[in-house]
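K.L.:
Now for the letters of each chain:
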Amino acid sequence: MQHLIIGAGPAGVVAAETLRKADPDAAIAIIGDEPEPPYSRMAIPYYLINNIDESGTYLRDPKQHFGALNIEVVQQRVDKIDTGGKSVTLADGSSRSYDKLLVATGSRPVSPPIPGLDLPQVHSCWTLEDARNIIKLAQPGSNVVLIGAGFIGCIILEALVKRGVNLAVVETGNRMVPRMLDEKAGGLLETWCKNRGIDVHTSCSVEGISDAGDGQVEVSLSDGSKLGAALVITATGVKANTDLVADSGIEVDQGILVNRRMQTSNPDVYAAGDVAQGVDFSTGNFEVQAIQPTATDHGRIAALNMAGQGDEHHGTLNMNVLDTVGLVSCSFGLWMGVDGGDSAHLYNPEEFQYINLQFDGDHLVGASSVGKTQHVGVLRGLIESRIHLGEWKQRLMQDPTAIMEAYVACTQELSYH
Amino acid sequence: MQKSLNIDPGKCTGCLQCEMACSYEHTGTFNPSRSYIKVFTFHHEGRFAPYTCTQCDEAWCMRACPVDAITVDMATGAKVVHDDKCVGCKVCTIACPFGTINYSQATGKVVKCDLCGGDPQCAAACPTDAITYVDADWTGYDRMLASAAKSLPSAEATA
Ligand SMILES: Cc1cc2nc3c(=O)[nH]c(=O)nc-3n(C[C@H](O)[C@H](O)[C@H](O)COP(=O)(O)OP(=O)(O)OC[C@H]3O[C@@H](n4cnc5c(N)ncnc54)[C@H](O)[C@@H]3O)c2cc1C
Ligand code: SF4
Ligand code: SF4
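As you go down the protein sequences, you meet chains A and B in turn. For any residue, its number in the working numbering is found by taking its place in the first sequence, counting from 1, and adding 72. For any residue, its number in the working numbering is found by taking its place in the second sequence, counting from 1, and adding 1.
Any given hint could be a false lead.
[Claimed, not checked] Below, computed lysine-lysine pairings styled on DSBU-like, alpha-carbon distance capped at 35 Å:
id, chain 1, residue 1, chain 2, residue 2
1, A, Lys93, A, Lys256
2, B, Lys110, A, Lys135
3, A, Lys465, B, Lys110
4, B, Lys4, A, Lys444
5, B, Lys113, A, Lys93
6, A, Lys234, B, Lys12
7, A, Lys208, A, Lys158
8, A, Lys465, B, Lys12
9, A, Lys135, B, Lys86
10, A, Lys135, B, Lys12
11, A, Lys256, B, Lys110
[Unchecked claim] Reference listing, derived: stretches of chain B covered by chain A, where coverage requires no fewer than 3 residues with Cβ under 8 Å from a Cβ of chain A:
id, region
12, 19-26
13, 113-124
[Stated by the list, open to error] Each pair of labels, with its calculated beta carbon distance range:
id, chain 1, residue 1, chain 2, residue 2, range
14, B, Asp84, A, Val182, 33 to 41 Å
15, A, Pro184, B, Ser105, 23 to 31 Å
16, A, Gly213, B, Asp136, 42 to 50 Å
17, B, Arg48, A, Pro184, 26 to 34 Å
18, B, Thr129, A, Asn142, 26 to 34 Å
Source of the hints: derived by calculation from the structure; they are not laboratory data. Just so it is clear, CB atoms sit at the ideal spot from N, CA and C, and this is done for glycine as well.
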């Protein structure tokens, strides 16, 4: 059995490891096009602030791990998939055949058509290569403009502040992280950032970037302001890397469409991670989530099914955790609520604390919080287990902080006698 | 045979000796707020329930970690966080559906139960045997694990 995996990110690596466990004798190869050993994009912000060196971003110890598991890692770009002949063509012209193929090619950053994006001071923050460029330009005291205060933008924001730059952030939405936090929570983040000297522009867009000489650029905003900068970072969204399957007849929408076994419309081809449009736990719809926990879950489910041992997946829960210069926020599932559902809130703006719980009947279906770091994972447990909260719903309505108590009481008998 | 913690909430009196012992073992200070095991209080029922990581088989925390900072201690089966590798990204804290791996502002890393390398101090400190460390097959802790696992339809065949 030859298992071939395209893409050496978390989805591809977890898939290879799971395959090895499930099928000790199979041949397994990961083909990835980046020049570094398999690494994690998520670790880039910590590399930017010198918390780790480049090797700290590696998903596994490249010297030992893959060899020990007899997983071949090939550094090449895959140019073409021939689903008829069940083979792929690599950039060097060679080809490799497969019995089962996993496409785990991730996503790439995209930007709106802003004039000046091609200037050398403008970078996205997606790869280690991008990170090296950013480190060169984001020197302490220099002016930096970040375009986009979405989830990824806010993660980079923290790293830039720690590098000691003067930071301005421009977000078209009316608040920070609009797709993860509601107005109250987004508002808390904005105040928090402004209190720390960050120049936040919401409901505002960048109209153009022009060369200002001396290595500087000028960024023009829709609110009329003009900002000088040594570095402009774009974090304006991502797009699934589906090009590879474009001519293969495999069904594509926002990402590669997969069923609950992570199988594409071609039964021998699977997809996982940022590139895959898989089932969402909360809605049952097929969505591209583009988050790390989903990438690793996808990788595992795809691998089990490729090895013939898998099952249908109940869907991945959309969830995020974010540390914005010390203020931790997170969101899970249907944090914006459902029609006819109840909700519970705790809002304490002086303390930068917020909890939002959303119910459907007596189930928890979504939640978000600001300023809370303890036991937040149990929100996932409460949502994904579809626990009937019974009387605990009323208790949570009165005290939304009692999430751990609710979970323990609903899942454990308080006495085993 | 690997041992596991056996928790019997029916015997817990809420004395918090386990939290004291855990925080002392891991931080060098008696500070229950930094304990990795927590005793939850149920005022209505007049009951207490100590709760910590079950070292679950799925190890959601370990799988979600982007930098391989959580590994299995082969001797005890505990999932252990390595501070030298943890970058503090917190993704494990939302991935663990039991809420038992948590971010520590004090260290900038995450913390969780590591079974104290095979000599859990919570069990040693508990005066009522509500927490014991035993090699029984079917401990209350296993029941806690099983009921927690049952509550999560992981829908993946056990390979
Ligand atoms: C700065 C930053 C911070 C982030 N922080 C978080 C966070 O805190 N929490 C979170 O949940 N998510 C975060 N993410 C998102 C997370 O990193 C992604 O969801 C995750 O990397 C997806 O994994 P993947 O394996 O699907 O894709 P990727 O990690 O993108 O890996 C895909 C690989 O495939 C390669 N590839 C593509 N096409 C080909 C081809 N034709 N041939 C060969 N190789 C190919 C790519 O070059 C890439 O190396 C962050 C991302 C960034 C950039
Ligand atoms: S912290 Fe949570 S996910 Fe990790 S081993 Fe413990 S119970 Fe499992
Ligand atoms: S906080 Fe540390 S242990 Fe947890 S996922 Fe991030 S790097 Fe891994």
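K.L.:
Against the structure shown, which of the earlier numbered hints fail to hold, in ascending order?
P.N.:
1, 6, 7, 10, 12, 13, 15, 16, 17 and 18
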